[in-house]
Structures are given as structure tokens and as C-alpha cells.
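Sequences and hints are given; from them, build the entire structure.
These protein sequences, in sequence, are chains H and F.
Letter by letter, the first sequence follows residues 372 to 674 of the numbering used here.
Letter by letter, the second sequence follows residues 1006 to 1344 of the numbering used here.
Worth double-checking, as some hints may not be accurate.
[Unchecked claim] Output of the computed footprint for chain F on chain H, the stretches with three or more beta carbons under 8 Å from beta carbons of chain F:
#1 454–465
#2 512–520
#3 523–529
#4 589–603
[As the list claims (entries may be wrong)] Among chain F residues calculated to face chain H with C-beta under 7 Å, some are:
#5 Tyr1033
#6 Leu1034
#7 Val1037
#8 Ile1135
#9 Ala1228
#10 Ile1302
#11 Val1309
#12 Leu1313
#13 Arg1317
No wet-lab data here; the hints were simulated from the structure.
Using N, Cα and C, we set each Cβ at its ideal position, and we do this for glycine too.
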Amino acid sequence: MLIVEQVLNGLQLGVMLFLLAAGLTLVLGIMNLINLAHGSLYMIGAFVAASVAGWTGSFVLGLLAALPAAALVGMAIEVVALRRLYARDHLDQVLATFGLILFFNELVSIVWGPRALFLDTPRWLSGAVEILPGLPYPAYRLAVLAVGLAVAVFLAWLVRRTRLGMLIRAGATNREMVAALGVNIRLLYTLVFGLGAMLAGLAGVMAGPIYAVEVGMGEHILILTFVVIVIGGIGSIRGALAGALLVGLVDTLGRAFLPTLFGAAMGPAAASGVGASLASMAIYIVMAAVLALRPRGLFPVHG
Amino acid sequence: MARRAILATAAVVGLILPLAATASGQEYLIGVATRILILALAGLSLNLILGYGGMVSFGHAAFFGVGAYAVAILAYHDTMGEPVLTWPIELAGTQSAFVAWPAAMLISALFALVVGAISLRTGGLYFIMITLAFAQMLFFFFVGLETYGGDDGLSLWARSSAGPLDLGDPATFYYLTLGLVALVLGFKARLVAARFGLALQGIRDNEQRMRALGFATLRYKLAAFVLAGAVAGLAGALMANHSEFVSPALLSWQRSGEMLVIVILGGMGTVYGPVAGAIVFFTLEELLSQWTTHWMIVLGPLLVLVVLYAKRGLWGLVEDASRARPLPGKEERRGEPAS
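This is the structure we're talking about:
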């Protein structure tokens, strides 16, 4: 019973990570830009949703406000700063976007104050669903799972079946050629960036009722997201999904069961520390192992 | 000439600072200056691999933190009177700087060896991420280490003992740190002009060509990585002594980012750059935080501007001014992805 619940929790963390990783991996794969400020967009989504939901009492209005807000902020930083970084090396990108993180964390703490906000679960999702006889599971978390999977399907359709997706793929392969064929590649990049930002915002909104909405919330999950991308293979949406689910499951199951497992083996006192440490380290160990065996991730995209 | 003038001024200011601070009754400045020097030392070590080796390590704080923890754990066991290890050999704790600091360097170097051996197989973006991941791994390792305070960190009873030197005295500790920074600076200046340093820079600029010339490039990179880890461990050992406290925050990824900022701000691939970077970064922090608690909101965009428009960093500007023409070849490298 417990294991089913924990697997679901792991999948739910996985789809949240996927929402972040999808945007990040698109930007990385297509524009070759490493954007540490992606976590800031997640944070902004959560804060805007929490405020609007607080004023109006409606989660849906909060969501509807947060998505364009995150997309707009994303497109704004793309136009103002990141556009100049596409041709630079990764070090410049890491540093400049590190600067953006500092800026956004401070901005959010000026606007909203240092205290954490709370975003309530919408009432129509606040109950529990009995997924197996005798095993209730929060409806909200199931909804998160459903939304995440729907986004995955939507993205696969967008990239593979639409004209925009074709342009995105072509732009990733050869930017100059696509531009020479008359496509406004700068606008295309801005739009892709906006899409990624909106997905990050969506993840932030959905995280709101589960985790605290606070300054710096984007950074821990950002690092997890990078782990996801690196495991999955940079630029691959399929890889992002596989990596996200893997990381979500390993992290959640590790935290739930490793301390107990070690407790059985070594005696409780020493073991809970070791088990908890190992559980926190588990995903990084998985990542190191994946990279040691397949240095370009599970689903390598380019050559 | 500007370069010599600045170096001479810096040396004089560095030497008389404790005297001036004591004379003017602002002893806290000695502590601030010591902290700057320690982070400059960490920056110097990162610059070796980043500036000269082209390896963008986003996890350098890990080696810094490991060095700090090594000193703290050895001291903890000494005060408790328990051995650090009972198996396979019995190993007692120690407070002696002559034992603990080299031990810190050794342990950091060993970690760097392991991390480097795995990470250097990858390149570019994957290298950035895997170094970050290793640092996070160690971060969570220390968070989970309940014996040594876990999340709350571990306090030291006193600074290390170093024979006749009383490290508890701020001025003595400052001069020791200054001496170590000078030593590392001198060593690094020699190193980057030596065959090893030149090979390393060749690998940075064109690894394939160096391999074709018969250099075992991976071995060179790994040696530089381990050396940088050891010096970062020394900086960590100093930091543990300086604040008489260690916590997982020493290994946090923000700390790694800060080290990158120090190196870039000062000018990567320059001998003195990281020292200049550390001085400017923390002076800026000190000044801005007196003006507003939200000083990060200024620092963040400033960082973006430096990256966009002053890539050679402060010391790069100084060198350009004294050399009259920029180094050839620098412009070409800019567009290429790091590897």
C-alpha cells in the first residue's frame, strides 16, 4: 500500500520536474543556452498565482494570471539579456543567469516580503480519491499527474506535428539556414523561450499547494531539473520525460525507504543518518553513474 | 606601468593593513581582510582550472568545504579525546595546523581526483552539470552527517595550534593567510609559465591539437584539477579556522557560483585576477549592504553587465592598459563553446 502511494508521489514529482525540464531542454537544445534563471520563472509563477488566488479566492484565476506573467517575464529577459548570450560560451551564460537569479530572488523578496506565502488547494480538488480499495490518494496530486502527462503529449504533438515544431527543429539544426529561408528566427527563439517560461510558471503554480511558496524555492528544483536534463540527454523532450520520472521516483522512494532499509541492516541510530544522507545523494549518484556509462545522457540528440 | 603600480600599492596596503586597522581602532577590518584573502585563495585555485585549463567547474565549493570539514572534524575528535578512525588504523584527532592543514589538502585532493576522473570524461555543459552534481552530493552528505552537527554545522573550540604562532590573534592569522596567498600566487605564476602550465593552456585553446602533438591531455587536466582541489582544501582549512565554525553552507552551490564570479570579475586566466576579484566583490558587498539590505538587486544586474561587456575582468583591463594591445587569439576563442 505504502509503496503504491510513494510511487505515485514519485511520479507526481517527476511530472513537475518534467514541466521545468521540458522548457529548459528546449532552450538548451535549440538555442544552446544554459539558463539558471529558469527556476526564477518557476518562483514567479508560484508567487503570482498565490497573490491572485489570495485576492480573488480562485485558484483558476491565479493559474490564468501566473501563466502569462511567467511567459512575459521570460520573454522580457530573453530580449533584454539572454539574446546577447546565445553566441557566448556556457561559462558566460552560467554567470549572467546566476546574476539574474540574484536579481529575481531579491526582487521577489522586495515585492512580496521575506515570508512564505500559501496557495490553497482548489476546493474541487481538495478531497481524496480511493485509487485502490482502502488507499485514498489526494485528488490534487492526481490532477498534477494528469496535467503533466497532458503537457507531455501536447509538446510531443507540437514539436513533431506542427509547422511551429518543424521550425523549432530546423532552427536547432541550422539557425542560419532557417533564417536565410525567411523565417524570423529571433522571434521564434523568443516564442520558444516564452513557452518554456510558461511551463516553468505552470510547474510553480502546481507546486504552490504542495510546497511552500518562498524566495529561493526555484533553486533546489532547478538543480534537480538539470540532473533530469543531463540524465535524459540535452535537447531531448523524450529524455526529459524519462529523466524526470526516473529522478522523481529515485528521490521519493529513496527518501521513503532507504532509512528503513538501512535501519534493518545496521541498527536504527547510525542508520537513519546514513540512510537519509544516501537518500539525498541518490539522484546525484544515479546521474554520475549514467554519465560515466553514457556521457551524453540516455537519449542523445546531436551526433 | 599601471600593473606594477597597482601590485606595489596592493602589497604595501596588504602589509600595513593590520597596523592601520589597530591604530584607527577598527580591528574588525582585519577579520574582513582575512576573509577576503581566504576567498581569493579559493579563487586562485579555481582560476587554475577555469582560466588556464578551460574547465568550467560549478562545484568548486565542494573541495573548499571538504578542507574546512577535515580541520573541524580532526579538531572535534581531539577535544572529545576519541579517535577519528579505529579501523583499519587507529587515527587520533589533532588541533595542530602542521598536521590538520596538509591533511585537509590531501583529502580535498583525493576528492578532486575521484570527481575529476569521472567528470573530465565529459565536456562542455555536461562537465558543468556533473561538477555541480558532485558538489550537491557532498552538500547533502554533510547535511546528513548528524555526528558532526548535520545541517547546523560544527563549532571549533579554538583555531589550530601552530607552534610558536598564536593563530587566535587576528593579526597573526591575517599575516599567515597573506603569506599563503603570496606563496600560492608565486607558485602559480611559475606554474603557468612552465611546461605544465603552457600545455594546460594549449589544451584549453585546442585540445585536439594538443592530443595530436602527443600530450596525454586528460592527465594534464586531471593533474590541474587535483592541484586546484588541494589549494581549495587549504582555503577551506583557513576558513574553518577563521570563522571557527563549519556548516554545509560552505559547500552550497551559491558558494560555487560566488567563486566563479570572483574569478570572472577579476579576470580569468590572469595570475592576480582572482585576488582583485575577491577584493572588489567583497568590498562591493560590504558597501552595498550598508546602503541597502537588498544589495543583491544591484549585484545581479552588475554581474550580467560584466559578463556581457567586460569579459576580461578587472585585471584584464589593467593588463590591457599596461600592455597597450590585447593578447592575440583571445577574440577567436570567445565564440566557441567551452569544452
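Each hint tested on the structure:
{"no.": "1", "hint": "454–465", "verdict": "holds (count 9)"}
{"no.": "2", "hint": "512–520", "verdict": "violated (count 0)"}
{"no.": "3", "hint": "523–529", "verdict": "violated (count 0)"}
{"no.": "4", "hint": "589–603", "verdict": "holds (count 6)"}
{"no.": "5", "hint": "Tyr1033", "verdict": "25 Å, violated"}
{"no.": "6", "hint": "Leu1034", "verdict": "26 Å, violated"}
{"no.": "7", "hint": "Val1037", "verdict": "21 Å, violated"}
{"no.": "8", "hint": "Ile1135", "verdict": "5 Å, holds"}
{"no.": "9", "hint": "Ala1228", "verdict": "20 Å, violated"}
{"no.": "10", "hint": "Ile1302", "verdict": "4 Å, holds"}
{"no.": "11", "hint": "Val1309", "verdict": "4 Å, holds"}
{"no.": "12", "hint": "Leu1313", "verdict": "6 Å, holds"}
{"no.": "13", "hint": "Arg1317", "verdict": "12 Å, violated"}
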